[in-house]
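**Q** In case you want the letters, here they are:
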Amino acid sequence: MPPKEKVESTEQVLQAVILADSFDERFQPITLETARCLLPLCNVPLISYTFEFLAVAGVQEVFVFCCSHSDKVKAFVKNYEKTSNMKINTIVSQELMSVGDAMRELDAKQLIDTDFILVTGDVVSNMKLDQVLEEHRARRQADKSAIMTMVLKKASPQHRSRSVGDGSLFVLDQGSKECLHYQPVKAFKSTREDRRMTMNMEIFDKHPEVQIRNDLIDCQVDICSVEVPALFTENFDYQDIRADFVHGILTSDLLGKTIHFHEVTDVYAARVRSTQMYDAVSKDIISRWTFPMVPDSNLQVGDCYEYRRGLVYKEKSVVLSRTCVVEEKVVIGANTQIAERAVLSNCVIGKNCIIGANVKIDNAYIWDNVEIKDNCVVQHSIIANNAVLEQGVTINKGCLISFKVTVGANTTVPAYSRLTALAEGEEDDSDAELISDPAVVGATGRGRSFTEAEGSDDEDEEEDPKNKQVNMLAFDMSELLLAAREQENSASDFESEASDLEEDQISPEEELDREVAATLDPLELNTLRMATFSNFLEMRKRVIPGVLKHIDPVAKPGSGKTAKEILSRWGPLVGKMIHDVDDQIDGAHVLHRACASLFQDVAQAQKVFAPALRYFYDEDILEEDAILEWYHSKRSQQGTDTEKKLREVATPMIQYLEQSDSDESDEDDDEEEDDEDSE
Amino acid sequence: MPYRKRVPEFQAVIMAGYGNGLIPLSDEKNNMPKALLPIVNQPMISYPLAWLESSGVTDVIVVSLASGSKKLGHYLDRVYEGQLHISMEIVDDNCGTAQALARIKDKIKTDFIVISCDLLTSLPPHQFLDMHRSEDPTVTALFFEPNKSEGGPSGSSKETEVTQFVGIDATNSQLVYLNNSDEMDTEEFSLRMSLLSKHPVMNISRLLQDGHLYIFKRWVIDLIAEVSNKRTRASIKEHVLPLLVKSQYQRLLADREGVTQAAQTLASNPSTQAYALSLSTTQAAETTDDQDGNSQWKNPVKCKAFVVAKDVYCGRANSIANYFELNRYYTKITDQVRNPGAQGQVGADSLVGDDTKLGDRTSVKKSTLGSHVTIGKNVKIVNSIVMDHVVLEDNVKLDGCIVCSGAKICEKSGLKDCEVGGGFRVEKETQARNERLVDFQEQ
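Sequences listed follow chains A and B, in order.
Residues in the first sequence are numbered consecutively from 1, following UniProt numbering.
Residues in the second sequence are numbered consecutively from 1, following UniProt numbering.
Among the hints, a few may not be true.
[Said to hold, decoys possible] Now the in silico label distances, taken between C-beta atoms and shown as ranges: (1) A:D237 x B:N94: 58 to 68 Å; (2) A:V267 x B:N434: 56 to 66 Å; (3) B:A432 x A:D253: 36 to 46 Å; (4) B:N94 x A:T198: 33 to 43 Å; (5) A:A138 x B:Q261: 54 to 64 Å; (6) B:N20 x A:G175: 26 to 36 Å; (7) A:R308 x B:Q127: 48 to 58 Å; (8) B:V7 x A:Q655: 34 to 44 Å.
[As the list claims (entries may be wrong)] Lysine to aspartate or glutamate pairs mimicking DMTMM-like chemistry, simulated, CA-CA at most 25 Å apart: (9) B:K310 x A:E178; (10) A:K206 x B:D169; (11) A:K186 x B:D360; (12) B:K230 x A:E658; (13) A:K177 x B:E188; (14) A:K177 x B:E187; (15) B:K310 x A:E619; (16) A:K397 x A:D362; (17) A:K177 x B:E145; (18) A:K257 x A:D284.
Note that these hints are calculated values from the structure, not bench results.
From the three backbone atoms N, C-alpha and C, an ideal C-beta is built for every residue, glycine too.
Based on the sequences and whatever the hints tell you, model everything.
**A** Next up, the structure:
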C-alpha cells in the first residue's frame with residue numbers, strides 16, 4: 001500500500017453508534033430490572049457480542065446510547081473499556097423513546113463527523129465490514145446522495161434466526177445495489193395491506209428490472225453518512241429506522257436521497273430482538289455458527305470454558321456429580337454444582353448455580369446464582385439471577401422468571417407465565433411492598449405474575465396482539481392459533497353476557513330500542529345515541545334488527561317491503577353505524593343473530609339474510625375481510641340451528657370472496673361474478 | 001413389452017401470422033406475407049425453420065392464415081431446401097393463436113414447440129430444449145431483452161407499447177408472475193405476500209419481452225382448445241400463458257378453468273423420469289408446504305422461463321422498427337457475398353443481391369438490396385432495405401427507407417424514413433419524410 005493512503009486511513013477514525021436500548025417490552029419483566037443489552041447470552045452480556053463484532057470490523061470509537069438502566073450500562077461499559085482497545089463513550093439520555101430520538105440526540109450533540117456504523121446493542125455477528133465500508137465510501141465519492149448502506153444477510157424465509165414477527169421485504173436493484181422499497185412483514189396478516197406487497201409504479205421508470213427479496217435477515221447493521229442523523233432532525237416524526245426512516249426516504253420525491261444495500265452470505269448475523277430470538281441465537285452460539293464468538297473463546301475476562309464432545313462447554317470449577325447426565329448442547333458456568341441424577345440438555349446454566357438431584361432441565365436458560373432444588377423440571381424457559389425453585393417445581397415452556405423470584409415447593413407454573421418479584425407500581429426503589437401471589441408461586445413463594453400493560457405506555461396499540469405473541473419464547477404457531485380462537489370465544493361470551501345484563505336492568509335501553517325502530521333517521525339517531533350515552537356498538541345492536549323488522553320475507557316486489565327495497569332505503573343508515581373493520585365484523589355478527597331471532601322460519605330468515613349480506617357487501621358497508629372474519633370466527637359457527645343454517649346460506653358467497661381474494665388480477669373478477677350468478 | 005412406434009420427442013408448430021405490425025410490408029396482394037419478408041434476402045420463416053432443424057426436430061406444422069397461404073405454400077413446397085417434414089395448415093383469417101392451435105389439436109401427438117415465424121435468434125436450440133428436458137415443466141417460455149434500436153424507420157403507426165411485467169423466481173427460474181401494463185393499476189405495483197413467501201427471491205422486469213417460443217406439455221393442447229372455446233381470438237400470449245402462470249398458485253382458478261382437469265390426464269400417465277425418481281432412495285419426496293392450508297393440493301402446473309443472455313442475439317420482427325433492426329443486424333454478420341457484381345460503392349455492412357445492377361457513382365451504405373434491382377446513376381442508399389425487382393432511377397436518395405418489391409422510384413426523388421408499398425410508383429422529384437407511400441385503395 002502506498003504510504004500516502006496509509007496516512008489518510010489512519011486519520012479517519014472509524015466510528016460506531018450502538019443503540020443499547022431496544023425501545024420495546026418484549027423481555028419484560030426481566031428488563032424492568034436490568035438493561036436489555038446486559039442480558040447474558042450464553043453467560044456473556046449481550047452487548048459484549050456487539051462490541052466484539054465492531055472491534056473485528058476495525059472500529060476505533062464507539063458511542064453507546066442508553067436510556068433505561070443507564071447506570072448499569074455505564075458501569076459495564078467502563079469496565080469493558082479497560083480490556084478493549086476501542087474508545088467507548090456512553091451517552092445517557094432519559095428522554096429517548098425511539099431510535100429516532102437517539103438519532104436526533106446524536107445530531108444535536110454533533111459527535112459524529114464521518115460515516116459511521118449504526119448497530120443495535122443486541123447484534124450477534126461474525127461478519128467483516130471492510131468490504132461494505134469500502135463500497136459505501138466509493139459510492140459516496142461518486143454520488144453524494146447515497147446516504148446509507150444496509151447490510152442484509154441472505155437466508156431462507158423460514159430460517160430460525162429470521163424472527164417470525166419481524167420479517168422484512170426489500171425491493172432491490174441488483175445492478176446499482178440500490179434499495180427501492182421496504183415493507184415490514186407481519187406474522188399474522190390481518191389486513192389487506194399486510195397480505196400484499198405494494199410499491200409505487202414509478203420505481204419501474206428508473207429501475208425496469210428489480211428483485212423482490214423475502215429471504216433477507218435484516219439485522220440493522222447500517223453504514224450511515226452524517227446526513228442520516230440530520231435527516232432525523234429534519235423529519236422529527238421519524239421513529240423507527242426502517243419503517244419510518246427508510247420508508248420515508250425511499251418514498252420521498254423531495255429528498256432525492258438513495259439507500260443502498262450490501263448482501264452477505266456465509267456469515268452469521270442475527271439480532272436478539274425477542275425471547276424467541278434469544279433462544280435461537282443461543283442455540284446458534286452453542287452450535288458454533290457464530291465462530292469465533294463461541295463460549296470457549298472466552299469473550300469475558302475471567303471465563304475459562306472448555307469445549308467438550310457433544311457441544312458441551314464447561315468451566316473448570318463446575319462440580320458434576322457422578323450420576324448426573326449432561327447431554328448435548330449445554331453450557332455450564334463457573335462454580336455451579338449439579339447434583340445426582342440431574343439431566344441437562346440443550347441448556348445454558350450460569351455461574352454459582354445449584355442444581356438439585358433428579359432435576360430435569362431441557363431447552364432452558366438459567367442465569368447466575370439460581371438455585372433449583374430436587375425434583376424440579378424446567379422446560380424451554382428463562383430463569384433470571386437469584387431465582388429459587390423449591391423442591392418439585394415444574395416450569396412449563398415459555399416462562400420468564402425474573403430476578404429473585406422464589407417458586408414454592410411442588411408448584412406447577414403454567415406455560416408462558418411471566419413472574420416478577422418487583423412490587424406493583426415498582427419503578428426502582430419505591431417502597432411499595434411486594435404482594436406475593438400464592439396461586440402463582442406457591443404458598444412459600446415470593447413473586448407475582450406480570451401483566452403486559454403495567455409500566456408501559458404502549459404507543460402502537462393497533463398492533464395485533466397475535467403478532468406480539470409470535471415473538472415469545474417457545475411459541476408454537478398452532479397453539480397460538482388455538483389460543484387466539486379461545487380468547488375470541490370467551491371474549492364474545494363475556495360480551496353477550498354483559499349486554500344481556502344491561503338489557504335486564506336498564507329500561508332506557510329498551511326505550512332506545514323502541515325509538516330506533518320508530519324513527520330510523522340518521523340525524524335523530526345520532527342525537528339519540530348521545531342522549532342515552534350509548535356507543536355505536538349498542539346502536540348497531542338495535543338499528544340492524546330495527547331495519548330487518550321492516551322486511552316482510554313474503555312480500556311481493558313493489559310493495560316496498562321486500563328485502564331489497566327496505567335495504568336500499570335503510571342500508572346507508574346502517575353504514576353510518578359502522579366505521580372500521582372491527583365494527584364491520586361486529587355488524588356481520590349482529591346481522592346474523594338478528595336474522596335468526598327475528599324470523600322463526602328458517603327459510604324466511606335465509607331469504608332475508610342472504611340478500612342483506614350481499615347488499616352490505618356490494619355497498620362496501622361490510623368489506624370482504626370482515627365477512628370472511630365473521631364467517632370463520634367460532635362465534636358464528638356456534639349458536640342455534642337457525643343461526644347455523646344462516647351461516648350455510650353465506651357459504652357460496654364466502655367461496656366467491658375467497659376465490660376473488662386468491663385471484664391476482666381484476667381481469668378475472670368479471671368472470672367470477674358470472675360464475676357466482678350461475679351458482 | 002409391445003413394440004412401440006418411434007415417437008418424436010417434440011413436434012413443432014410455426015405460427016405464420018398476418019403481421020399487423022408490419023403493414024404495409026406484409027400485404028399479400030402487393031408484396032408478400034410476413035413469413036416471406038426478406039431478412040438479408042432470405043424469407044423470414046427460413047430462420048425459425050433452420051433453428052428447428054438444428055434442434056433436432058423433424059416434424060413441423062406451419063399454421064398460416066388463409067390470406068397469406070398461397071405464396072407461403074409455394075415457398076415451402078418448391079423453394080425450401082431443408083430436411084424438415086413440413087405440413088401446412090390453413091386457418092381462417094380472424095383467428096387467435098390459441099384458436100389456431102386448437103384447430104390442429106388432433107395433429108399434436110407429443111409435447112410440442114410453438115414458435116413464431118418472426119423469431120430470429122442466435123441462441124443454440126439445445127440450451128432452451130435442455131432446460132425443458134431437465135426441469136420437466138408444463139411450459140417453458142422464452143423471454144428476451146430487446147436490443148436497443150439504432151434509429152431508422154419506426155413505422156408510421158406508433159402503437160402505444162404495452163410493456164409486460166415478468167416475475168421470475170431467481171433460484172429456479174420459475175415463471176411466477178405475468179401481467180401487461182395496460183391491465184394494471186398505474187399507481188401501484190402489488191403482489192401477494194403468500195406468493196413472496198413461496199418465491200422469496202423474485203426478479204421483476206419490465207424490459208423482458210415474450211419471445212413467442214414455447215414448449216408445452218401435450219395435455220396443454222386440451223386446455224388451449226378449452227380456452228379458445230370460451231373466448232374469441234384467444235391468444236397464447238395473452239390468455240393461455242397467463243392462465244397457466246396463475247394456475248400455479250391459484251387453486252380455485254385452476255379448477256374453474258379446467259386446468260386441473262386437463263392436467264389429470266398427465267397423472268394417469270406419469271413420465272418415466274418421475275417414476276424413476278419415486279423409486280429412488282436418494283431423491284427426497286416432493287413436499288409442497290403451503291401455509292394456506294391446502295397442502296394436499298398438488299400443483300398441476302409448473303411454468304419455467306428461459307431468459308436469453310444479454311450477449312446472445314434475439315429479436316422478433318413484429319414491427320417495422322424491429323424488422324429493420326433485425327435486418328441490419330443480420331446484414332452485418334452474414335457471410336454471403338456482399339457485392340457479387342463488384343459495382344458501385346458498396347459499404348462493408350451492406351449486401352447486394354444477385355443480378356442487381358448499380359449505375360455509376362452509386363453508393364450503398366448500411367443497406368440491403370434484393371435481387372434483380374435496377375439502380376440508376378448517382379443514387380445514394382443509406383440505412384435502407386430494397387426488396388427484389390425494384391427500380392430506382394437516377395439521382396434518387398434513400399435514407400432509412402423500406403422499398404417493397406416491384407416498386408419504382410423515379411428520378412431525383414429524395415425519401416427519408418419512408419415505407420414504399422409493393423408495386424408503388426413514386427413520381428419524379430418527390431420529396432417525402434416519414435411517410436407511408438402505398439396504393440390508395442388499401443389504406
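**Q** Would you pick out the hints that fail for this structure and give their numbers low to high?
**A** 11, 15, 18
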